[in-house]
Amino acid sequence: MRESTIMKIHYGTALAAVALVAVHILMRLTMGFAESLEYENVLANYKFVPYAIMLELILVLLAVHGFNGLRVILLELKQGRIYEKAVSYGCLVAMIGLIAYGSRTIIMTNMGLV
Amino acid sequence: MAQVSNIVDEQTSSTSKSVTLRISRYNPEHDDSSQFMEFNVKYEKWTTVLEAILDVKKHFDHSVAVRYSCRQATCGSCGMMINGKPKLACFTKISELDSDVITVEPMNNFPVIRDLAVKFERLFDTHQKIKPYLIRDDSELEYDEKEFLQSPEELENYIQFANCIKCGLCNSACPTMATDSSFVGPQALAQAYRYVADSRDKGKDSRLKIIDDSHGIWRCHFAGSCSQVCPKGVDPAMGIQFLRGYLLGFRS
Numbered sequence: 417m418r419e420s421t422i423m424k425i426h427y428g429t430a431l432a433a434v435a436l437v438a439v440h441i442l443m444r445l446t447m448g449f450a451e452s453l454e455y456e457n458v459l460a461n462y463k464f465v466p467y468a469i470m471l472e473l474i475l476v477l478l479a480v481h482g483f484n485g486l487r488v489i490l491l492e493l494k495q496g497r498i499y500e501k502a503v504s505y506g507c508l509v510a511m512i513g514l515i516a517y518g519s520r521t522i523i524m525t526n527m528g529l530v
Numbered sequence: 028m029a030q031v032s033n034i035v036d037e038q039t040s041s042t043s044k045s046v047t048l049r050i051s052r053y054n055p056e057h058d059d060s061s062q063f064m065e066f067n068v069k070y071e072k073w074t075t076v077l078e079a080i081l082d083v084k085k086h087f088d089h090s091v092a093v094r095y096s097c098r099q100a101t102c103g104s105c106g107m108m109i110n111g112k113p114k115l116a117c118f119t120k121i122s123e124l125d126s127d128v129i130t131v132e133p134m135n136n137f138p139v140i141r142d143l144a145v146k147f148e149r150l151f152d153t154h155q156k157i158k159p160y161l162i163r164d165d166s167e168l169e170y171d172e173k174e175f176l177q178s179p180e181e182l183e184n185y186i187q188f189a190n191c192i193k194c195g196l197c198n199s200a201c202p203t204m205a206t207d208s209s210f211v212g213p214q215a216l217a218q219a220y221r222y223v224a225d226s227r228d229k230g231k232d233s234r235l236k237i238i239d240d241s242h243g244i245w246r247c248h249f250a251g252s253c254s255q256v257c258p259k260g261v262d263p264a265m266g267i268q269f270l271r272g273y274l275l276g277f278r279s
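Line by line, the protein sequences are chains Y and L.
Convert by adding 416 to the 1-based position in the first sequence; the result is the number in this note's numbering.
Convert by adding 27 to the 1-based position in the second sequence; the result is the number in this note's numbering.
Since the hints were derived computationally from the structure, they do not count as laboratory data.
Just so we're clear, the structure is a prediction, and the values are computed from it rather than from any experiment.
A few of these clues could be false.
Quick list of in silico lysine-lysine cross-link-like pairs, DSBU-like style, CA-CA up to 35 Å [said to hold, decoys possible]: (1) L:K231 <-> Y:K501; (2) L:K259 <-> Y:K424; (3) L:K231 <-> Y:K494; (4) L:K69 <-> L:K85; (5) L:K193 <-> L:K84; (6) L:K231 <-> Y:K424; (7) L:K193 <-> L:K158; (8) Y:K424 <-> L:K85; (9) L:K85 <-> L:K44; (10) L:K259 <-> Y:K494; (11) L:K44 <-> L:K259; (12) L:K193 <-> Y:K424.
Under 10 Å between C-beta atoms, here's a sample of chain L residues computed to sit facing chain Y [claimed, not checked]: (13) T206; (14) D207; (15) S208; (16) K236; (17) D239; (18) D240; (19) G243; (20) I244; (21) M265; (22) F269; (23) R271; (24) G276.
Yeah, the Cβ is synthetic: ideal placement off N, Cα and C, and Gly gets one too.
The task is simple: from the sequences and hints, build the whole structure.
See below:
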């Protein structure tokens with residue numbers, strides 16, 4: 417993939433994540449902050465499908481943005497063909513792994529398996 | 028006439044001050060690390076750092092290695108760190124530095140040949156990589172044509188970037204150049220914009236492809252230090268942002 421395409425995704429995910437995380441934080445204010453983080457209320461959030469979809473989107477956006485940021489930092493720290501391939505593929509695998517694990521948590525909680 | 032000469036001598040000696048010039052000495056073939064040698068040199072308000080270094084070579088130590096040529100900020104040969112900042116030695120007056128001690132070192136982000144002289148291979152390689160020439164299908168002039176015509180407005184788009192003298196000060200000041208040995212650098216990127224913005228050039232796509240690399244334009248963090256140190260006012264940081272505009276689809 418062209419670097420400009422990757423960076424467009426990088427900037428786009430940042431903007432989208434800012435908007436969705438803002439909604440996520442505002443939702444904490446619908447009731448008392450501490451109350452909104454109580455076990456039952458958190459579970460209720462996960463079981464509300466639109467909110468679960470938003471959490472999934474935040475997970476994907478932050479994982480893509482964060483791991484690409486990490487890739488860029490690591491590429492600037494050291495250079496070399498093998499190192500750069502290892503960093504790029506390593507970050508991609510880690511990103512997929514994190515999204516898979518986070519999605520599993522969201523889906524299981526949404527389905528009442530937790 | 029003799030009287031006039033004496034008056035001038037008296038005026039010269041009365042305005043003459045002295046400064047401590049600390050010169051970094053390093054020969055990679057013999058030395059493990061650089062060391063500073065100090066020289067006390069006299070200067071006038073118009074004396075440049077390069078003239079002070081040449082004074083040291085003439086009167087104290089002829090073995091000081093320094094690259095210079097035109098002495099008028101045109102050839103881009105005498106770039107060096109002067110009191111910690113990349114500057115042209117021929118374009119920096121000692122009186123303007125406002126310091127009793129002047130420390131001169133080789134430019135950062137360049138391998139040292141000896142003392143103040145550095146290797147320019149990487150700069151020239153990256154400069155060459157971005158194809159610093161007009162690319163056209165009809166590059167050979169037709170019989171009845173004398174030049175590729177251009178309006179003053181079209182010239183304005185790139186003329187600032189055509190002032191680059193390849194002195195390397197921008198690359199020396201760039202924080203990304205310090206860590207990323209494959210980074211194309213602000214000098215080459217500014218020159219890429221210079222040709223992309225030229226209405227006579229048709230090589231925009233090939234140049235954008237070259238700089239759209241994992242060690243290309245996107246590794247610039249917009250520190251802006253390249254533009255701050257440029258002695259010719261080229262503003263590479265602005266050129267880089269304009270190039271990003273092309274790659275992000277804001278410019279065409």
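Which of the listed hints are not met by the structure? 8, 21, 22
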